[in-house]
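Participant: Chains as they are written, first to last, in the working numbering: chain A, 1 to 736; chain B, 1 to 284; chain C, 1 to 201; chain D, 1 to 454.
The set of hints was computed from the structure by calculation and includes no laboratory data.
Owing to the predicted nature of the structure, the values given are computational and were not obtained by experimental measurement.
Mixed in with the good hints there might be a few duds.
Within a straight-line C-alpha distance of at most 25 Å, the following computed DSS-like cross-link-like pairs (lysine-lysine) qualify [said to hold, decoys possible]:
#: 1; chain 1: B; residue 1: Lys246; chain 2: A; residue 2: Lys720
#: 2; chain 1: B; residue 1: Lys257; chain 2: A; residue 2: Lys729
#: 3; chain 1: A; residue 1: Lys720; chain 2: B; residue 2: Lys233
#: 4; chain 1: A; residue 1: Lys720; chain 2: B; residue 2: Lys59
#: 5; chain 1: A; residue 1: Lys729; chain 2: B; residue 2: Lys59
#: 6; chain 1: B; residue 1: Lys59; chain 2: A; residue 2: Lys237
#: 7; chain 1: B; residue 1: Lys246; chain 2: A; residue 2: Lys729
#: 8; chain 1: C; residue 1: Lys165; chain 2: A; residue 2: Lys36
#: 9; chain 1: D; residue 1: Lys320; chain 2: A; residue 2: Lys720
#: 10; chain 1: D; residue 1: Lys434; chain 2: D; residue 2: Lys288
#: 11; chain 1: B; residue 1: Lys59; chain 2: A; residue 2: Lys666
#: 12; chain 1: B; residue 1: Lys236; chain 2: A; residue 2: Lys237
#: 13; chain 1: B; residue 1: Lys59; chain 2: A; residue 2: Lys707
Below, each chain spelled out in residue letters.
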Amino acid sequence: MIENSFNRRGFLKVLGWGGATVALSGCGNTSVEDGKEFVTSYVQTADYIIPSIGTYFNSTCAQCNAGCGIMGRVREGRVLKLEGNPKSPINNGKMCGLGQAGVQAHYNPDRIREPLLRTGDKGEAITWEKALALINEKVGGVKAENVAFLTGGVSGHVKALLKNYLDALGSGHHYVYEAVAPSIMRAANKKAYGVEMPRLHLDKAKVIVSFGADFLGAWISPVHFSQQYARFRKADKGERGVLVQVESKMTLTGANADRWLAIRPGTEGILALGLINALAAAGVSVPGDVVGAVKEYTVDRVSKDTGVSAEHIGKLAALLKERSPSLIIAGSAVEGYAHGSQNATAIALLNQVLGNVGKTVEAPSSVPFPQMAPTAGNRFALQALNDNMAQDKVKVLFSYGANPVFTAPASMKLKENLKKVPFKVVFAHYMDETAVEADLVLPLNSALEDWATAMPEYIAEGAQLSIQQPLMEKLYPGTLGMGDILLALLKQRRPEEYKGYEDFYSYLRSAMVSIKGALGGANEDDDTFWDTALSRGVVKLVGAPVNISSNASAKGLVVPAPFVEDSAYPLHLIPAVSASMRDGRNANEPWLQESPDPLTTIVWDSWVEMHPKTAAKLGIVEGDIVEVASRSGAIKAQVYVFTGIHPDVISMPLGYGHEAMGRYAKGVGVNAFKILDPIFDKETGELAMHETRVKVSKAGQRVVIVKDEGPAGGNQMGRKIAVRMSSSKVNLSEEV
Amino acid sequence: MSITNLLENWSDFRQQHPSEDRPHREYKWAMSIDLDACTGCNACSVACYAENNLPVVGKEKFAHGHSHHWIRIERYWDNDGREFADQGAQFLPMLCQQCESAPCETVCPVGATNHTADGLNSQVYNRCVGSRYCNANCPYKARYFNWYDYPTTDNVWPEPMNQQLNPDVTVRGKGVMEKCTFCVQRLTVAKSNARSEGRSVLDGEVQTACQQVCPTGAISFGNLVDPSAKVGKQWKQQQVDLNKDKQAKDVTESAAKLRGYRILEELRTYPSVMYLEQLRESAI
Amino acid sequence: MYCFLRLSVLLVGLIVSAGSYAVNAVQPLTTADDLGPKVEQPIEFPHDRHAGDAAKGGMQINCMYCHTYARRSIVAGIPPLQKCIGCHQSIESVRETPRIKKLFEYWEAKKAVPWKKVHDLPDFVRFNHERHIQRFVFAQNKPVQEACGYCHGDVKTMTVARRQKPLSMGWCVSCHQKDHPVDATSTKTTHGPNDCWQCHK
Amino acid sequence: MGKDIREDIAWAQINKDVLKSLESPRKLYWVILFIALAMIGVAVGCEIYQYTGGMGVSNKNNSHVWGLYIATFIFWIGMSHSGTLLSAILHLMHADWRKPIYRFAEAMTTFSLMTAGLFVLVHLGRLWQVYYVMPYPNERWVWPNFQSPLVWDMFAIATYLSSSVLFLYVGMIPDLAICRDNIHAGWRKKLYTVMSLGWEGTDRQWRNFRITYLTIACFLIPLAVSVHSIVASDFAMSNMPGWHVTSFPPYFVAGALYSGCAAIITLFIILRYVFRFEEYMTLPIMKKLVRLTFAIAMVWTYLNLIEFASVWYGHDQTAKDQLIFKATGPYAPFFWAMIFFGSILPLMLAFKRIQTHLPILLVVSILLNVGMWLERWMIIAPSFAHGHYPWTWDHDQWPSLVQWGIVFGSFGWFTLLFMVFCKVFPSVSMYEVKEMVYHRSLALKHKPAVKGDY
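My request is simple: use the sequences and hints to build the entire structure.
Facilitator: Next comes the structure, spelled out in structure tokens:
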């Protein structure tokens, strides 16, 4: 591997000239054709660039918000494959499938290639100068409070520039929106521990009880957690950690649990309190007020309320008592209810009672540059923006890194409200559902051709700034990076302050160099510091640990009784966040569409998961098309029957059902966001994603599900293929 | 080659079983996959698409069983009729097992699939005539046929997606069989580098794409001939012998605590991939 | 009856003699020179001036001075324009010749010279220059021009390079396998490895 | 019960009757020819579509890589065995009833082999590279893989085809001379003149002819047995459950003879009608043929049962699962149809009345061959659908219309070749019928004549 200690600008130039004459080799079985192909030929080149040998450059993955370090293999000016950056403490050289598909986001044939201005129903290509001038004009023509900026989670220098721009406008309306984000858990953590994102140490735990946290699949920082999980399963001493997953719909993590407990939806808090009660009874020291608060949660009552057998509750309590430290995690299945905050608080309380705080739940580090610290998105932001739009308070709307038209439930009427906004600017990679509604669409560079910095919300150790750098020359001259656009917009407002920066790159470099002391480069000259930072891909920050509270207190904790039956809408709908689809932003990457869902092995479509009992009751078999109707709407999809789901629940994956975006995403599956009911968490006002009740009826059709699994299903038919044994028989410490 | 040469070297043209007296001398590439660490996340499969120029066939062709995933994740349930799959799933990454006595090699009419001196089961695309006999004889069904001409099929590699193709790996046209190669393009580079320096490839110097990406490190890969290689130590510790079709675990009572096994070993294919059994806690 | 017998004896004799010829027949090897097509290059590069013998007015520059990647990469590579300019900047005598003027035009436009491939291999073949240079030049101390010439012919007598050898599989194998039986257990044979995956990718 | 060949028929009459078939067949002949051409058109269209689009259009997949092409390939190979049986084996056994019918049976052998050969090409993913299968000294120093049963197949079929053509041709020489002498103009005259190799019927020529014919016949018998044994090893050498069966070679040979005999019955009836051969293709011959078919059917049934039993009582659970799947899974209707057509239906042939009832025999013989075709398909498809590896099982892989089209067209191709042959060459051996008549009349001289039925 060759590191990049060189003049960055020169490198880009080299690529430019080289890239222009590189013929694509490796395709097809062509025969000897002397004199037809071109030889890779450079004007100038660096010593380390050798034709046919890949050069690796470090950058940061932008496929989700986890901020893994990546290492792009570049050959003859083209990025071919992404590997994990071994120097990144988040992913230590490893990656997930979603991250691998980053090259397909970059080379995607459906990317927008030039700025488009709406004229009637069509988009007309315009120049960047014209586009930026138009923005200047529109923004100048309205009051500052009527300008709104909607973004996904942002951090780093782009966030700092964005803030400056909004300040320059005098508008404080920055809505940070993430369609699927653990925002209720953040609030509950803040309340219980004093921090929003405590650091979890799965590898130090002997028992993990996860209440619906899909930490191996799609939850917060899955690659990092997967690595911890590997050490948890096979610790240095040979002890094997025990994973118990409690949830209503099996996630990838649930599929890897030693015991997967199907629980009635929404009763996770009750089980947590029941476990505290059982632990107290077994002699674990529990503060008095907590004992008082949980004493009515007897095993029998909890078993009745949650549907988890008394035997398993007892075993789980015994396990937690015997093997310490343990780790209790509250995931999205817990927080998706009107009482989601209470659920999460109850589970945090269990952690505190078990004394895990400080052992497996640790304090994060403070971030030295708050202007670059991540702003975590939530759904409440969209709600607020939507209300403002409905009241005609928004005259100019910018949207970046979010696709609200796709991810908003139908009941929000977001699309209609959006029409009330006279001028909508969307920064986008694809003509997605939101871009289609825009008046001005500005095409962005892909993450592999753009400069940026990122500060992940969940950092494994200390604090760090991840650097995203171009791995190749821009594919299309008509795209720009978000940093460049913001800089250009700022030059309109504050020309004096920003005229010294030719482009975002020069801004970023001087900004980084100016704080090199805090970035561990105090003794280096500017060039050395900058080159080292780029070649590492991550810069360590010095931050102080913050305090974390381990005091268990049941103050204000009220967990409501389980749901009452709803005869009109008897089933709960769980919108599932899958590891590759997430909220649908990556749906146009064909590798992800063709990568089978781990549990159902379905590809290229959405589906309805259903327990055999429920299916039998409704007379449904696999492949039946059913109508799933909530109070807010109805959608149709194929049924997949399996035993990894509670009979009161059905589940549908999110991220499918695009009506625009591109050839691989459009028309694949249905959009489960649309039918979510407007029910909100009582404390935070977040949309309660799991609260929607539905009824299911057969639509009459039946299809053959397209999936990898054959007619034998998951049955091995007595053949020794995937084998399982009891962990007590094995001595892992003897193993290599 | 003249016929005389053919006759003289007949025994080397015959496919042979591995044996103690004909061991691989420098390299024997092998793998071990820890099913207790595998979470079934599919990262390996996507990485393989990226590394080996696998076509995305689309929904319709996938429905007809024309998918290309050299490494596929199989998901098994072990419910025994219980109401819930309450011990989770059993995930199994299945790839070409690079059998030492590969059933596919003996039946190929044109010799397009051969055993290399490194103990790999090679597939030469340009020699393949597409009789598909190798797939018929593969008990693991780990071979994938190019039912269509994907390089010229719409939306498989539309411009500019074709720029992502790995130049070190041939893009296969219609009518040829393909399969996992243990990332032979990486092995060749590593071997060449090592030879320039007058040494053998070191353990960890070369990784397969699936191994490199795996977040839990479930896949180990290396040279069985190298005594310091992790994979060799694993095989040894698990008492799995490349050249046997019954292992200690199958024979002796005391070896029941071992986790290593090879799939469908009784067919005497002598696979180069050892799996480690998944574990489940009995206290809960 | 006798006629039939005679006929069969004749037939058997024919078959046996044809067979015995076939058994010992030499393989139809294509080691003979096989001149490739003339390739039009953007600049008619005189290999003879640069690499030719001093007696014939050449400068005897080492092949790997320009084709510098040959010893460390699978391709020999074309030198970057920078390298041509590096020398020609200070060679005033030819500065105004048409070819050099063209060269400087490319340089001033910062445009790479679109050289065409003269020695093309099918896309499913991997040929490693590094291995061959390491073996012949560095391990066996063969003269560079001789080692390169095994496959590229006598380039130092040409202007624009032209393929001289067939570069076909049989031609490669004629070195790799001649007199050396395959070995299923080791790639270390004296005349190079010969399992398919060494060259086919 | 019909009459056997008359002993007193004049040799000239025989010539006249047979040569008539070269000139004026019934209208049905042309109808059949046209239908055959149309069928070939369908197949050619399908093949062009498959060639340009890729094998995927035939709707096979990665776990089910072989389909109807291989099944039909074996079917045609099997069909070819009857000709050898009738002309070579029965020739050596001096069964003289074969004489009026062996010619067309032999033609059938040749043409069904030619049809089978096409399926090898149709099946290949890259048929333009098919010459890689042949061993020829080449520039690349590469040989085919001599361990592969497919290479054995290639050798076996090539040898068998060339020997069959030779056998057919050598046996035809005296008849070609008759044709030469009786036709006086046109391209046919030239053709017969060249092909009869100057045959004049001298004693020396006859002697040499007999020896040559006998030698080839002796050579052909082991060849025929080995050909289908080798085709059987395509499967028996593999490790697929349902294929990995030791008894496959004799089972395949029996099946081959069976389908061949059934096909001869079918063609017998058709030729008898179309070319008005009632005088020569007589009912007593048919009766013998039907009895032979019946016997082979029972042998086949026995071998089938052996195969099932050895799997059922064996230790190979996978093979047993596979057998149960065949009998109960989605392929069950075809499996039981095969049992019915192959083992139950031939029991009808045991009844004397049916043995000479041509309409019924026509239907039954066709159904027997449907059963035999199903047998081949039931060897291929269920094993792929339900093999070693449960994850890749594929129970509902139905062949696409492209596959059916090519299989359908192959029958047209065979019919075309066969019908053109019958129109151009004498499909009843004139000289052997004469011999037969002569021998019978000799026998009559020594014995009092028996009147009435045979």
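Participant: It remains to establish, for every hint, whether it holds in the given structure.
Facilitator: Evaluated hints:
{"no.": "1", "hint": "B/Lys246 x A/Lys720", "in the structure": "holds (13 Å)"}
{"no.": "2", "hint": "B/Lys257 x A/Lys729", "in the structure": "holds (5 Å)"}
{"no.": "3", "hint": "A/Lys720 x B/Lys233", "in the structure": "holds (24 Å)"}
{"no.": "4", "hint": "A/Lys720 x B/Lys59", "in the structure": "violated (31 Å)"}
{"no.": "5", "hint": "A/Lys729 x B/Lys59", "in the structure": "violated (44 Å)"}
{"no.": "6", "hint": "B/Lys59 x A/Lys237", "in the structure": "violated (46 Å)"}
{"no.": "7", "hint": "B/Lys246 x A/Lys729", "in the structure": "holds (21 Å)"}
{"no.": "8", "hint": "C/Lys165 x A/Lys36", "in the structure": "holds (18 Å)"}
{"no.": "9", "hint": "D/Lys320 x A/Lys720", "in the structure": "holds (16 Å)"}
{"no.": "10", "hint": "D/Lys434 x D/Lys288", "in the structure": "holds (20 Å)"}
{"no.": "11", "hint": "B/Lys59 x A/Lys666", "in the structure": "holds (13 Å)"}
{"no.": "12", "hint": "B/Lys236 x A/Lys237", "in the structure": "holds (20 Å)"}
{"no.": "13", "hint": "B/Lys59 x A/Lys707", "in the structure": "holds (9 Å)"}
Of the numbered hints stated above, those contradicted by the structure are hints 4, 5, 6, listed in ascending order.
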